[in-house]
Amino acid sequence: MLATRSQSSAVALTLSLLAAIACTRRGGCRDEYCGTLVVTATGSITTLLPPLSDAAAERDIFDQIFLRLADLKAGASTIGDSGFVPQLARSWEWTDPLTLTFHLDPRARWQDGPPVTATDVQFTYESYVDTLVSSADMTTLSHIASVTALDSLTAVFKFKDRYPEAFFDATFHMRILPEHVLRNVPRAEWRTTPFGRSPIGNGPYRFLRMVPGQSVELVADSGFFLGRPHLRRLIWRFATDLPVAVTQVIAGDADAIEVLVSPPNIQRAEATPHLALYPYAGGTYTFMRFNLRANGNATRPHPLFADPDVRRALVLATDRASMVQSVYAGHAKVPPGPIAQMWTWLWDIPGLAPPPFDTTQASQLLTMRGWRDTNGDGIRDRAGVRLSFHVAVPTTSAGRKQYARLLQEQLRAVGAELVIDEMDNAALSEHEHAGTFDAALESWQTDPTPSSGVPQIWGSAGGSNYGHYANATFDRYVAAAAKAPDPSAARADWVAAFATLDRDAPGIMLYALDNVAAVDKRVTDVQVRPDSWLALVRNWRIPPDQLNERDRVGH
Amino acid sequence: MTAWLLRRLAAAFAIVLAVVSFAFIAIHLAPGTPFLPEEGRPINPAAVARLRAEFGLDRPLPEQYVRYLAALAHGDLGESFSQRRPVSQAIASAIPSTVRLAGAALVIDFLLGIALGVFQAARARRRSDAALTSATLFLYSLPVFWLGLVLLLVFGQWLHWLPVGGETDVVLYPYLSFFGRLFDRLKHLALPALTLGVIGAAGTARFQRAALLEVLGQDFIRTARAKGLTQSAVLVRHALRDALLPVIALLGLALPFLLTGAVLIETVFAWPGLGKLATDAIAARDYPLVLAATLLASVAVVLGSLVADVLTALADPRVRLTA
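Heads up: the protein sequence lines correspond to chains D and U, in order. Those letters in the first sequence? Residues 1 to 555, by the working numbering. Those letters in the second sequence? Residues 1001 to 1323, by the working numbering.
By construction, these hints were calculated from the structure, which means they are not laboratory data. Quick caveat, the model's predicted, so the values are computed rather than measured. Hints should not be assumed to be uniformly reliable.
[As the list claims (entries may be wrong)] Only part of the chain U face toward chain D is listed, based on derived beta-carbon distances under 7 Å:
| id | residue |
| --- | --- |
| 1 | Glu1038 |
| 2 | Glu1039 |
| 3 | Ala1047 |
| 4 | Arg1050 |
| 5 | Thr1168 |
| 6 | Val1171 |
| 7 | Ala1270 |
| 8 | Pro1272 |
| 9 | Arg1285 |
[Claimed, not checked] Only part of the chain D face toward chain U is listed, based on derived beta-carbon distances under 10 Å:
| id | residue |
| --- | --- |
| 10 | Thr40 |
| 11 | Glu217 |
| 12 | Phe357 |
| 13 | Ala426 |
Ideal Cβ placement from N, Cα and C applies to all residues, glycine included.
Same shape as in the complex, but just chain D:
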């Protein structure tokens, strides 16, 4: 009896101790402006200095720390300025066809105190176009001749020419930087400046701490001039790969994830009671790119893909509708060109449709071009050359690996052999850059407008046109679309450009993903902007009756 009593006491004591050690210092935050959102993401942060990076996780953090002069409304057109809302600029006007004047909001302040001035705007532009900084946005800013500060609150942009997306280029690609902090840092040293690990911004959230490779924490600026953010803390935690990140959000260790990607992940999230799913138009499209020049020798034509009829035959031989269904089960669409779902206005145009699946026509085309199976091994050949090629596939993409196998089967049916080379992204990029590939399965993230991405990848002078596709007619239509004065005129030019691309078949447009974000149900007022899913997070909130210990702590 005595032993039993002492055992009970020991158990009670142990339980009390456990309860005591598990205690947090109780937080008192219980109002509208509490709430902590933990976002899980893949990858990691290199630097938090905007001109030096445009990776997805960094973009999401920049959205909270550094404002633009004006920002794009969700799903709005990038032509003209009607689709934009004021941010650092309170208003703007075109003073002549080539001069755009921004009037800054006098309430805008840097988080260390000084006001945001036109000098900051001028400094930002000069930094973005400085070759020492080598921003990825340098080329998109090439239409701007100069930016000057007329007075402390007036910044004047001079353009080299007038074009419909001039306002978009002036605002979307630059996040305004603090001149008073960065002016004394030589631009060649920006890569390693401590500012990149502890930035001072002008946005709704302040930087609090970063643990390299692990997490970044921001805290709401209660005095933010456009309105106090509802969520008090934003924390990013980084996982090495998507399955780990998805598990974190399903297990409740994180509250939100940008995109679930695959149907199994979506099903897991759907079956999780505490998660709400938010589908939105995706910003990527995936394709198989053909290298039109010989593998490893850009001066010679590719033995297979230099012939547009062979490329067209391979396009016709692929049943993209069945592939998209079997791999993405309704969470992706077959695009009628190099088109992301985010460009909604390009998806409902009559006459713009994916090429048909027609193995008979594909076989006829190949036979017509002299490709026949002369030795009965199931693969066509011509003059001793087999209709066989390698495709580079990134190991990190489960979807593309599945696609590669399906493509292999489908192309075999018309007598073409596809050999799959799986490799990591770094190796794939190097092969493409060096031209040492036959074909590659690629996904491209896009801007809110096709005007920058499409010529970049498919234009004859495009920096990412690794397949060396060149057609002056296509370039002309793309240039015309970028200069079109209104969306309907732009649409007509894009249709003509994509029809040209369709005929030339420099690649097989495979799928454009629907994005599905998952967010904990205690978070309300969730709005997702397709081009940047957390751009509006300052309006997300957690009602006081939904707050948990994690939301209240540390106030």
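Assemble the complex: chain D is given as a structure, and chain U must be docked to it using the hints.
Using the frame of chain D, we list chain U on its own:
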């Protein structure tokens, strides 16, 4: 002993140098290049070229190698391409996490492994021994990442008993009391340490059982039994002391297992140690960081082996450390 130690240290230095040299050549010759943006974003060739020049990657490989060794001789591990900070800082922040994980796994490995081995040897050829032999063989043959994923799914995702990743709770940790922080760390450590430790314990148990059974057949054990000692006294006081010797040697050999296991486990559990650092560095072609992680791992393995030899010699007077 001193001469032996000096010779072993010289050999260890040569091995580490060979490993680092091989890693240097392999990582530079591997396809892929540093400073590329994430997939699907345009490359700025001028920026890439400038960074390559800044880090000396535009120089001939032999020159880069000599420069690397010269810097290494001065204790300079270089600057991380992906983390934009000295490699020594990145490594220093990751080491404690890996030491905690490997240390906890080692404790589980040896305590559980030895206990199971003793239990099995005491009940040799009985049903419980056969069952445990099958169980340990099954565990030992499991891929470490697979077991990690299963434990994560069961205890993290389904039962919600333990966190699924990270070393601490990113939200609550800064606001916890001292004991709260300790408890939080233990909670996060549990699954990855258990994964690594249990698989190691399965191997240790099999080793311990075999060693103990061999000792139990010797004359001095028969004498001890003849003197009327109890079975537990014979096992623990006499047999185990002898049978622990080969297991002690396993200590040093456990390091390579723990380090390679940590690479996978740290990825599965987002554990911010050397393994995850190395995995991320390889994906980013962060040469200095990859080389530093390789250097550290090779030093740990070589030293582990050395420590095992010394421990064996200390524990068994019959073993002589001779050159």
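Right, here's what the structure says about each hint:
The interface hint given for U/Glu1038 is met, as the beta carbon of that residue sits about 5 Å from the closest beta carbon of chain D, less than 7 Å. Proximity of U/Glu1039 to chain D holds as hinted, the smallest CB-CB distance being about 5 Å (cut-off 7 Å). With 7 Å as the threshold, the beta carbon of U/Ala1047 comes within range of chain D, its nearest partner Cβ sitting at about 3 Å, so the hint holds. With 7 Å as the threshold, the beta carbon of U/Arg1050 comes within range of chain D, its nearest partner Cβ sitting at about 6 Å, so the hint holds.
A distance limit of 7 Å between C-beta atoms decides the matter here; for U/Thr1168 the minimum to chain D is near 9 Å, and the interface restraint is violated. Given the 7 Å rule on beta carbons, the hint for U/Val1171 holds: about 5 Å separates it from the nearest Cβ of chain D. Proximity of U/Ala1270 to chain D holds as hinted, the smallest CB-CB distance being about 5 Å (cut-off 7 Å). Here the hint on U/Pro1272 is kept, as its CB sits about 5 Å from the closest CB of chain D, short of 7 Å.
With its C-beta approaching chain D no nearer than about 5 Å, U/Arg1285 sits inside the 7 Å limit, and its interface hint holds. With 10 Å as the threshold, the beta carbon of D/Thr40 comes within range of chain U, its nearest partner Cβ sitting at about 9 Å, so the hint holds. At about 7 Å, the closest approach between the beta carbon of D/Glu217 and any beta carbon in chain U falls short of 10 Å, and the interface hint on this residue holds. Checking D/Phe357 against chain U by beta carbon gives a least distance of about 26 Å; that is not within 10 Å, so the hint is violated.
At its closest, the beta carbon of D/Ala426 sits 3 Å from a beta carbon of chain U; the interface hint therefore holds under the 10 Å criterion.
Consistency note: the structure conflicts with the earlier hints numbered 5, 12.
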